[in-house]
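K.L.:
Sequence:
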Amino acid sequence: MSSYHFLARCYDRLTYDVDYAAWADYIEKHFRKASLPGNTVLDLACGTGSLTRELALRGYEMIGVDQSPEMLSEAAEKNRGAAPIEPIFLCQSMDQLDLYGTIDACVCCLDSVNYVTDPRKLAKAFQRVHLFLMPGGLFLFDINSPEKLEGLDGQVFLDETEDTYCVWRAEFSRHICSYFMDIFQLDGETGQWERGEELHRERAYTVAELTAMLEEAGFREIRTFGELKLRPPRAGEQRIFFTARKDSQP
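Per our numbering, the sequence shown runs over residues 1 to 250.
Hints are not guaranteed to be accurate.
Below, simulated DSS-like cross-link-like pairs (lysine-lysine); rule was C-alpha separation at most 25 Å, straight line [as the list claims (entries may be wrong)]:
| no. | residue 1 | residue 2 |
| --- | --- | --- |
| 1 | Lys-148 | Lys-229 |
| 2 | Lys-29 | Lys-229 |
| 3 | Lys-78 | Lys-121 |
| 4 | Lys-33 | Lys-229 |
Hints were generated in silico from the structure; no laboratory data involved.
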């Protein structure tokens, strides 16, 4: 079983309930507080580019990076002609991030950080983001909290649309939550159902672990927030947001 080869085609239909406009609103609140040095933004692990498009339409010069060619294909098609500046997309893993120039902010959303299950690779990814940020630039990301991932153990879920049917179960062991997915998708031309299997994994990172990685990468002013909130996270919070700054002076 591989990740996203089959899921990419139906990802947007299965995540129809994600309010990308609300996410962009939240991100912009942090951008305004941070007084970014410019408007070039990296959407790291951009997936099918929905958030990339939302921010591009608000006037940001967007770069989308993802390691899945299938997801990037969907993203490029979705963002074709997005005004005022069409985003560009690069196929790279987070720890091998290599941009053509600097960025003013980086966002990495929808628990994409959890998908980097090797802490050494995540630490390197943070270092690469720091390298390409302009002085004073902002790094914003979110995680599924350890409490949320542990609570998924043994759970079975069903997502269904008119032409997509996904059953997935979760198992949690040794800091890793594994999602075993069976996906059925209706072929509109033949009327036949196609079946695919995928395996996804997320690592449970603590706030202390991630803060230490950010500090080691050179970030300062590290803050944590509740889910789409401007207050600190509360006990049992399901999603935690981080912001971190690159020093204004080199």
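K.L.:
Against this structure, judge whether each hint is valid.
P.N.:
Quick rundown of the hints versus the structure:
| no. | hint | verdict |
| --- | --- | --- |
| 1 | Lys-148 / Lys-229 | 17 Å, holds |
| 2 | Lys-29 / Lys-229 | 10 Å, holds |
| 3 | Lys-78 / Lys-121 | 29 Å, violated |
| 4 | Lys-33 / Lys-229 | 14 Å, holds |
Hint compliance for this structure: hint 3 alone is broken.
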